[in-house]
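Protein chains: 2
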Amino acid sequence: MTETADRHPRTYTPTDRTVPTRSRERAAYDREMVHSILDEGYVCHLGFVRDGAPVVLPTLYGRVGERLYVHGSTGSRPLRMAGQADPGLPVCLTVTHVDGLVLARSAFHHSLNYRSVVVHGVAHPVTDPEEKRRALDALVDHVVPGRSQDSRPADTKELAATAVLRLDLAEVSAKLRTGGPNDEPEDLGLPHWTGVVPVRTVHGAPLPADDLAPGIGVPDYLTTL
Amino acid sequence: MTETADRHPRTYTPTDRTVPTRSRERAAYDREMVHSILDEGYVCHLGFVRDGAPVVLPTLYGRVGERLYVHGSTGSRPLRMAGQADPGLPVCLTVTHVDGLVLARSAFHHSLNYRSVVVHGVAHPVTDPEEKRRALDALVDHVVPGRSQDSRPADTKELAATAVLRLDLAEVSAKLRTGGPNDEPEDLGLPHWTGVVPVRTVHGAPLPADDLAPGIGVPDYLTTL
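Chains A and B supply the protein sequences, listed in that same order. The opening residue of the first sequence carries number 16 in our numbering; numbering runs sequentially from there. The opening residue of the second sequence carries number 16 in our numbering; numbering runs sequentially from there.
Rather than coming from a laboratory, the hints here were simulated on the basis of the structure. Where a beta carbon is used, it is the ideal one built from N, C-alpha and C, also for glycine. Some hints here could point you the wrong way.
Pair by pair, the computed Cβ-Cβ distance ranges are [said to hold, decoys possible]: (1) B/P206 - A/D143: 28 to 34 Å; (2) A/P168 - B/E173: 30 to 36 Å; (3) A/D226 - B/P168: 52 to 58 Å; (4) A/G80 - B/T142: 29 to 35 Å; (5) B/V79 - A/I231: 46 to 52 Å; (6) A/T238 - B/P168: 45 to 51 Å; (7) A/G232 - B/G230: 34 to 40 Å; (8) A/D143 - B/R39: 42 to 48 Å; (9) B/D235 - A/G194: 24 to 30 Å.
All chains, please: the whole structure from these sequences, using the hints.
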């Protein structure tokens, strides 16, 4: 299994599942764009099928090259299901950023500016201890880049209590909307304000825990978040 | 069908699907809390099953009392599937807000503060024209409260091109994590910074469309977003 980006083609190959039925011009398969959308998110929405019905749960994730990892207690539902399933658990993993509220003159053309990535595939439990450690580091570094080097690594008991699932980035698409509203020509004279309200995610000042020892200052990797 | 909040009990009734296997203390069924989490979001993640595999798509939604609505082109996949399915399309609709990055001394106890709502149910196409209009107003007002009154309503052609799905709020749970890190007692002396980095969604100044006529100022409902 290769994990170096330079051995991969520049784009993911579209499949029946990753070509949308509508707004095809918004779909993209560029590998770098997909990675950047994934790396910017905190939470993915992981979908799987349980008793024939869909389940969508928010969860942390991490990326190492062309692999995504999610983790959880060994007792949690999708982790248990993936461990029991052979050959793995079919999942759909989606990450979305909202970038703007698009206000058109007509109700019909209201929209959001957004960037999303949808990954289809089969999730497998990670059993190799080295891969599991790398995956857990990636999960911590996904929350705060660099943080895995400034925290106590999982010990044997914690490793045993944590299940990690791997999902290869193979059947992947991004979808984006950017720009202003697309009003109908006959609506241009209507008296309604029209434009975009930008939406951003921002970080507040770090709040130290009550029991933080005096003298331990805010690390650099937090001031540059 | 009642839609007035005061005829409903204060909480949703937990079911097998809405009681988590882990971290049960984070689950909540309070109706007002569920509504407030739903009303604060812009995008939901809608899960459904296609050819036996899960699909999770980000989409706008709106709420009217105890009903959620999603919409899309009559040609889009879930909308077509719900129209063909009898009696409706089993879905799972999830909304998540990230409120903070939780940095513990141990990698294991890193976490996010978040609020999420998961709705299980069967989505049905809305066929009643009055309900469809109300749903479309709710979808616009969900993006910007009050906006449906300051835009051109959908005309007959637009209404015909738009499919709307209804999902009743019946099998619903919220899940929350708040507060600081939960480190192990034996880790309290470790030299790592520990605490929470707050995460917030903010709005930038409204950007008028290039073709906005002079003299149409930013409406009040945008300045108080």
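Hint by hint, work out which the structure violates, then give me just those numbers in ascending order.
2, 4, 7 and 8
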